[in-house]
Amino acid sequence: MKLAELQDYFARAARSGSGPLPELERVFLGSHQLPAIDRMAIYNRGYFYRLLDSLASVFERTKWALGDAEFERVGLAYLAKYPSEHPAIERVGRSFSAYLHSIDAPAVIVDLAALEWARLCTLVAPNPVQVATVSSIEPRRFPDSQLRFVPSLHWLEVDPAALRIFAGEVPAPSSELRSSCGVAVWRKQHAVHHESLDETEFRALVSAAGGATVSRVCAIFDRGSEAEDVARAFQILSAWFGRSWLESVVSTGP
Amino acid sequence: MHRTADPQQALSRRGSNPSRAGAAVGFGLRVPHYDQILSHGLRADFAEAVSENFMGRGGRAFSVLERVRADMPIALHGVSLSVGGMTPLSGPYLDELRSLATRIDAFSVSDHLCFGTFGGHYAHDLWPLPYTEEAVEHVVERVQRVQDRLGRRLLLENVSSYLEYRASTLREWEFLSEVVTRADAGLLLDLNNVFVSAANHGFSAREYLAGLPTARVEQFHLAGHSDAGGYLFDDHGAPVSPAVWRLYEQAHELFGPRPTIIEWDERLPALATLEAEADQARALSKAVLAARHEARA
Numbered sequence: 066m067k068l069a070e071l072q073d074y075f076a077r078a079a080r081s082g083s084g085p086l087p088e089l090e091r092v093f094l095g096s097h098q099l100p101a102i103d104r105m106a107i108y109n110r111g112y113f114y115r116l117l118d119s120l121a122s123v124f125e126r127t128k129w130a131l132g133d134a135e136f137e138r139v140g141l142a143y144l145a146k147y148p149s150e151h152p153a154i155e156r157v158g159r160s161f162s163a164y165l166h167s168i169d170a171p172a173v174i175v176d177l178a179a180l181e182w183a184r185l186c187t188l189v190a191p192n193p194v195q196v197a198t199v200s201s202i203e204p205r206r207f208p209d210s211q212l213r214f215v216p217s218l219h220w221l222e223v224d225p226a227a228l229r230i231f232a233g234e235v236p237a238p239s240s241e242l243r244s245s246c247g248v249a250v251w252r253k254q255h256a257v258h259h260e261s262l263d264e265t266e267f268r269a270l271v272s273a274a275g276g277a278t279v280s281r282v283c284a285i286f287d288r289g290s291e292a293e294d295v296a297r298a299f300q301i302l303s304a305w306f307g308r309s310w311l312e313s314v315v316s317t318g319p
Numbered sequence: 564m565h566r567t568a569d570p571q572q573a574l575s576r577r578g579s580n581p582s583r584a585g586a587a588v589g590f591g592l593r594v595p596h597y598d599q600i601l602s603h604g605l606r607a608d609f610a611e612a613v614s615e616n617f618m619g620r621g622g623r624a625f626s627v628l629e630r631v632r633a634d635m636p637i638a639l640h641g642v643s644l645s646v647g648g649m650t651p652l653s654g655p656y657l658d659e660l661r662s663l664a665t666r667i668d669a670f671s672v673s674d675h676l677c678f679g680t681f682g683g684h685y686a687h688d689l690w691p692l693p694y695t696e697e698a699v700e701h702v703v704e705r706v707q708r709v710q711d712r713l714g715r716r717l718l719l720e721n722v723s724s725y726l727e728y729r730a731s732t733l734r735e736w737e738f739l740s741e742v743v744t745r746a747d748a749g750l751l752l753d754l755n756n757v758f759v760s761a762a763n764h765g766f767s768a769r770e771y772l773a774g775l776p777t778a779r780v781e782q783f784h785l786a787g788h789s790d791a792g793g794y795l796f797d798d799h800g801a802p803v804s805p806a807v808w809r810l811y812e813q814a815h816e817l818f819g820p821r822p823t824i825i826e827w828d829e830r831l832p833a834l835a836t837l838e839a840e841a842d843q844a845r846a847l848s849k850a851v852l853a854a855r856h857e858a859r860a
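Keeping their order, the protein sequence lines are chains U and B. Counting from 1 along the first sequence, just add 65 to a position and that's the residue number in my numbering. Counting from 1 along the second sequence, just add 563 to a position and that's the residue number in my numbering.
Bound conformation, chain U alone:
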């Protein structure tokens, strides 16, 4: 066998979910004390359980909600279907939430996994080049400016029950009624935080992140009372600055 064939054979044997491959003893050396099949089993266990440990460290609350045995069953099935695509091991969970959805796991578990994934992405995101401050705003150009967010800020929509489970509440029996709320996940100093946003603020965040100008973002707060709308928009945008969510304010005008 050539090098490529040997590596391919090794990889298939180390990742086999259905026992040893045929002719294993003809490819690898064994000993009376430790036959080649047992030797390959060390790599086979190592492959799955190293990745499963990593998955468990990222999806700690999902594991808690599912229970150890169910997490192991689902996790191993996921790893067999979705091998790692990233040099950093914890990134192996990138598609875990989508996988849970595909196997009809309860929506709240799917969302809990999505939340934990967003928290990991926030944790490891690069530092921003800079953090924008209110004093950096040019008042005249502000309405036509776009807001650039720091790389560690993430947002997603989840079932509010997922937030409660994350906080330690015991999962309730699944309900047919599906609800969702917008959540922002961000990093302050070295800690990861998440918080649900009211519907208007979440829409404004998604709109701003999509490139809308500040004036268009502020229009989202329009509820027909100019004074209250302006106050609300000001309060929200100030909070974004205060939480260091903004990397820069980019003028789009001439």
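Treat the hints as calculated values from the structure; they're not laboratory data. Where hints are given, some of them may not hold.
To be verified - From chain B, some residues computed to sit far from chain U (all C-beta separations above 10 Å):
{"#": "1", "residue": "Gln572"}
{"#": "2", "residue": "Pro651"}
{"#": "3", "residue": "Gln707"}
{"#": "4", "residue": "Gln710"}
{"#": "5", "residue": "Asp711"}
{"#": "6", "residue": "Ala773"}
{"#": "7", "residue": "His799"}
{"#": "8", "residue": "Leu831"}
{"#": "9", "residue": "Asp842"}
{"#": "10", "residue": "Gln843"}
{"#": "11", "residue": "Arg855"}
{"#": "12", "residue": "His856"}
What the hints assert, rightly or not - Distance windows between CB atoms, simulated:
{"#": "13", "chain 1": "U", "residue 1": "Glu291", "chain 2": "B", "residue 2": "His603", "range": "53 to 59 Å"}
{"#": "14", "chain 1": "B", "residue 1": "Ala850", "chain 2": "U", "residue 2": "His255", "range": "39 to 45 Å"}
{"#": "15", "chain 1": "B", "residue 1": "Gly714", "chain 2": "U", "residue 2": "His255", "range": "27 to 33 Å"}
{"#": "16", "chain 1": "B", "residue 1": "Thr732", "chain 2": "U", "residue 2": "Lys253", "range": "55 to 61 Å"}
{"#": "17", "chain 1": "U", "residue 1": "His255", "chain 2": "B", "residue 2": "Arg666", "range": "14 to 20 Å"}
{"#": "18", "chain 1": "U", "residue 1": "Glu293", "chain 2": "B", "residue 2": "Arg606", "range": "57 to 63 Å"}
{"#": "19", "chain 1": "B", "residue 1": "Glu704", "chain 2": "U", "residue 2": "Asp263", "range": "56 to 62 Å"}
{"#": "20", "chain 1": "B", "residue 1": "Gly682", "chain 2": "U", "residue 2": "Glu90", "range": "23 to 29 Å"}
What the hints assert, rightly or not - Simulated pairs of lysine to aspartate or glutamate, EDC-like, Cα-Cα distance not exceeding 16 Å:
{"#": "21", "chain 1": "B", "residue 1": "Lys849", "chain 2": "B", "residue 2": "Glu812"}
{"#": "22", "chain 1": "U", "residue 1": "Lys253", "chain 2": "U", "residue 2": "Glu312"}
{"#": "23", "chain 1": "U", "residue 1": "Lys67", "chain 2": "B", "residue 2": "Glu700"}
{"#": "24", "chain 1": "U", "residue 1": "Lys67", "chain 2": "B", "residue 2": "Glu696"}
{"#": "25", "chain 1": "U", "residue 1": "Lys67", "chain 2": "B", "residue 2": "Glu697"}
{"#": "26", "chain 1": "B", "residue 1": "Lys849", "chain 2": "B", "residue 2": "Glu816"}
Backbone N, C-alpha and C define an ideal beta-carbon position, used for all residues, glycine too.
Chain U is fixed; fit chain B onto it per the hints.
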């Protein structure tokens, strides 16, 4: 302002007689120690960072790296290069590694002589290669490309293994020597891995060391292993065993003092335990050198 990137040089500059200074000793940066490192720093001659845990990252990981680098040199040690693999080398990975090495003025950049990719995916394991001439040629060509891209020499570490290919035509140390010599690479000699593989495959660890090209050996690794009943398992989950300390002593006699890292991953103890292991390595290194000096005198 970063201090000098070479820990052995730094040790000599601190006033120690270079011929008796012993090895510079440090240990790997691990997440459970980050808070303590950020608040108190490390007591070590240098530190080792797993490259993939810091590439492209900010937040706490970045702060830890900056904090440690302000006090001591850092060696970058990768686990996902898959230098022996058939999957094409990743350009973005190498660029990010180069960028990190430049940013922290890394003392060295190393990875393992193994493969860990299949069909474009990562195994996150250190799978052994067949020791054949075809594999030598394949790895040498890839190491040279890595070195060209990084703009520096790569150090290759011998892995511990549990399985050997019937196709192998070279002994492990012959394979390792051929690769580092032909590729003009350095050798990161993991003495625990030598000991574990020697026990698992029935070869002599001493013969292994004696078969290596002395000038290529640039660093040592020490770690603990466990007896899994029928084989030794390289789990980095225990103190360095007495047999591996003896091998470290022999390595000193053969290669002289080299910057040494204590690795510990499973059942990670408090930093103080790692510092004690490092002290033991330092003391042993100095004792070997002193004995050698006295013998010459």
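Query raised in the report: Hey, does proline 651 of chain B actually stay past 10 Å from chain U on C-beta?
Result: It holds; proline 651 of chain B is separated from chain U by about 13 Å at its closest Cβ, greater than 10 Å.
**Report entry** leucine 831 of chain B non-interfacial with respect to chain U [C-beta, more than 10 Å]
**Finding:** holds, 13 Å
Report task. Report holds if the minimum CB distance from arginine 855 of chain B to chain U is greater than 10 Å, and violated otherwise. Result -> Answer for arginine 855 of chain B: holds, closest chain U Cβ roughly 38 Å.
Query raised in the report: Are the Cα positions of lysine 67 of chain U and glutamate 696 of chain B separated by 16 Å at most?
Result: holds, 11 Å
Requested in this report: For the pair we were handed, lysine 67 of chain U and glutamate 700 of chain B, check the Cα-Cα distance against 16 Å.
Outcome: Since the Cα atoms of lysine 67 of chain U and glutamate 700 of chain B sit roughly 13 Å apart, the hinted pair holds (cutoff 16 Å).
Query raised in the report: Beyond 10 Å from chain U, beta-carbon-wise, is glutamine 710 of chain B?
Result: holds, 18 Å
Requested in this report: Hint says 14 to 20 Å; check whether the CB-CB distance for histidine 255 of chain U and arginine 666 of chain B agrees.
Outcome: holds, 19 Å
Query - Least C-beta distance from alanine 773 of chain B to chain U larger than 10 Å - result: holds, 23 Å
Query raised in the report: How does the Cβ-Cβ distance of glutamate 704 of chain B and aspartate 263 of chain U compare with 56 to 62 Å: does it lie in that range?
Result: holds, 58 Å
Query raised in the report: Just checking, glutamine 572 of chain B versus chain U, shortest CB gap more than 10 Å?
Result: holds, 31 Å
Report task. Go ahead and decide if the range 23 to 29 Å is satisfied by the Cβ distance of glycine 682 of chain B to glutamate 90 of chain U. Result -> Hint holds: Cβ distance 25 Å, inside 23 to 29 Å.
Requested in this report: For glycine 714 of chain B and histidine 255 of chain U, compare the CB-CB distance with the range 27 to 33 Å and indicate the outcome.
Outcome: holds, 32 Å
Figure legend: structure checked against the earlier numbered hints; every hint is met.
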